[in-house]
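Each chain, written out:
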Amino acid sequence: METSDLMLDGNALAGPLAEIFVGEVTMARATCASCGAVREVGSLAVYVAAPGTVARCPDCDAVLLRVVRAERRIWFELRGVASLELARDD
Amino acid sequence: VAGTAVLGRLRAPLAWRLAELVAHVPETHVVKTLVLDVPDWPGHAAGQHVDVRLTAEDGYQAQRSYSIASPPTSERLELTVERLDDGEVSPFLTDVLEPGERFELRGPVGGYFVWDPASSGPLHLVGGGSGIVPLMAMLRQRAAAGAGPPATLLYSARSYEDIIYREELERLAAEEGPEVRYTLTRSRPEGWTGYDRRVDGAMLADVFGTPPPGATAFVCGPTSFVEAAADGLVGLGYEPGRVRTERFGPTGT
Chain V
48 METSDLMLDG NALAGPLAEI FVGEVTMARA TCASCGAVRE VGSLAVYVAA
98 PGTVARCPDC DAVLLRVVRA ERRIWFELRG VASLELARDD
Chain H
8 VAGTAVLGRL RAPLAWRLAE LVAHVPETHV VKTLVLDVPD WPGHAAGQHV
58 DVRLTAEDGY QAQRSYSIAS PPTSERLELT VERLDDGEVS PFLTDVLEPG
108 ERFELRGPVG GYFVWDPASS GPLHLVGGGS GIVPLMAMLR QRAAAGAGPP
158 ATLLYSARSY EDIIYREELE RLAAEEGPEV RYTLTRSRPE GWTGYDRRVD
208 GAMLADVFGT PPPGATAFVC GPTSFVEAAA DGLVGLGYEP GRVRTERFGP
258 TGT
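First to last, the protein sequences are chains V and H. Heads up: the first sequence begins at 48 in this note's numbering, then just goes up one per residue. Heads up: the second sequence begins at 8 in this note's numbering, then just goes up one per residue.
So here's chain H without its partners, still in its complex pose (with noise of 0.2 Å):
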């Protein structure tokens, strides 16, 4: 029943279409929220994701998926990419595209790893580096709904500067009560008092406790990160099909 409305919503064919950056929002010093138009985007839901497709002048093709940033009420699509170094597709979508251009994008496409506002139980979000993104979509449309199911996140970084919507986090953590804990991997500004490693079971207890009825967890970041945490959640006694896991890497298709 989870899947209904995103099954209804995906029957169209999926077609490439062409999306148009109105604006860059600098995020970190190497992650960029893209703020597009996309003509005729049919909806989405919070945790799905969409290919992006380059070509060259030579007709040689790269193609990415990147999580969507944005909720389902906002009026444009929003990416937030992080700039990899020997990429093919993040340097130009963060450095080299300008405000007026335009590049092809499918979607939206997932549901399995799709938040279902309707359901009451406890929502608990862990996140390494951009795995961020898809959870933040999820926060934005419980925070936009005005009342939702109590949520809490742990979001693992590099250092503090490499948190991303940090202002908008600590935000809806005042206002809208999901409760958001950091831990933070190689580096900690002075006086820190949150987490300082990697997250681990005992890290996970600390945060999240036994299970509540209902509760779903949303995992996503690395493939390493992805399974300590998992594994971790359901050493809590999570079921393993309330863990929902999304593992993002290097390589794209």
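Bound-form chain V, shown alone (with noise of 0.2 Å):
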């Protein structure tokens, strides 16, 4: 798979996220509706020069997730993810 620094990681996802999830998001485990692989959200494959933000999975290169700002509005799309564990505290 190509590198290019415009790539960055699902790091880049904690503070879009935030605004979308209570907890941490980037320590859930996201499965990849294409390929299985299992990974920590924080791990992703992130490009953020689109006018939206693009996670790929870095296994298959599968776009998992997509969010899109604007004013007043967030679109979040979750197409290419089969389930997302989060840790929860009792």
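Everything labelled a hint here was simulated from the structure, so no lab data went into it. Ideal Cβ positions, reconstructed from N, Cα and C, are used throughout, including at glycine. Warning: the hint list may mix true and false statements.
To be verified - If we take Cβ atoms under 7 Å as the criterion, some of the chain V residues that face chain H in the derived model are: (1) M54; (2) L55; (3) D56; (4) N58; (5) A61; (6) G62; (7) A65; (8) E71; (9) T73; (10) M74; (11) E87; (12) G89.
Said to hold, decoys possible - Here are some chain H residues the structure puts well away from chain V; computed CB gaps all over 12 Å: (13) P33; (14) V45; (15) S81; (16) R83; (17) E89; (18) D93; (19) D102; (20) E108; (21) R178; (22) G184; (23) R193; (24) R195.
Two chains, each in its own frame: build the complex with the hints.
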């Protein structure tokens, strides 16, 4: 897979996803709907140079999620994620 | 379990706060530390970052992420920022902003690239350029605790003058025992005895050897640097899950 300095990682999702999730989502484990790889969100390949933020599977390059922010709105697409496992406090 | 404390602290809604610049501390010719007063700062963990948002008079907004440099024990929040000449945010933070002036900030955020100080395993740090910043928060926290696991830092900079926190790193190495190794990729002072090339597998093997049980590696820098260093560490025998990475680039969200 090509490496570009335009590629960041899931740490860059911490702020944007904190507008959606209550907890810290970079520690959540995402299962890729395409290849089944299970990865912590913080380790996903993330591209922020597009109009939105795109996270891809580091193993198969499939798009896992997209976040697009505009004035007073946020779009959140999770099409490529089969499941998301988050820690919870009891 | 490692993220539990962080999760607990992040339960409050993530609000934009006004941070006030207390002082600028020059680190290199293009890097400054911003010492900030942030009312009601909820505390943070070493390795976390904040989002900074600037709003122009016409409503245009630019947002960037910056790693926190200060340890959780610090009274003031500190960010260390490299000025990018064509940047929208960093030149304002390093050159325009004056003490007493304020800007918007939210955080702390991030849990993946966070050191758990309760873990007793060796701490192996690899930083490229301003990728040293979150690693410094970890070394400062380790030093503040007075005792910590063995720590080793491999720090890649362009030149001797580009080494951020150089005096503090040398003092920490003498007093608190982290082993600090440098590699200078573009120019070296006369008589330089450290490494003089980009980080590679042979250098990582020389500095870190075979990973001891329980060791965790944190790698932070530009994407190509992080890819090379992380691949090299996995090649030494690290489990991929024990190599935590944070890549930064020229663009923000």
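Here is how each hint holds up against the structure:
no. : hint : in the structure
1   : M54  : holds (5 Å)
2   : L55  : holds (5 Å)
3   : D56  : holds (5 Å)
4   : N58  : holds (5 Å)
5   : A61  : holds (4 Å)
6   : G62  : holds (4 Å)
7   : A65  : holds (4 Å)
8   : E71  : holds (4 Å)
9   : T73  : holds (4 Å)
10  : M74  : holds (4 Å)
11  : E87  : holds (6 Å)
12  : G89  : holds (2 Å)
13  : P33  : holds (26 Å)
14  : V45  : holds (16 Å)
15  : S81  : holds (21 Å)
16  : R83  : holds (21 Å)
17  : E89  : holds (14 Å)
18  : D93  : holds (14 Å)
19  : D102 : holds (24 Å)
20  : E108 : holds (23 Å)
21  : R178 : holds (29 Å)
22  : G184 : holds (28 Å)
23  : R193 : holds (17 Å)
24  : R195 : holds (24 Å)
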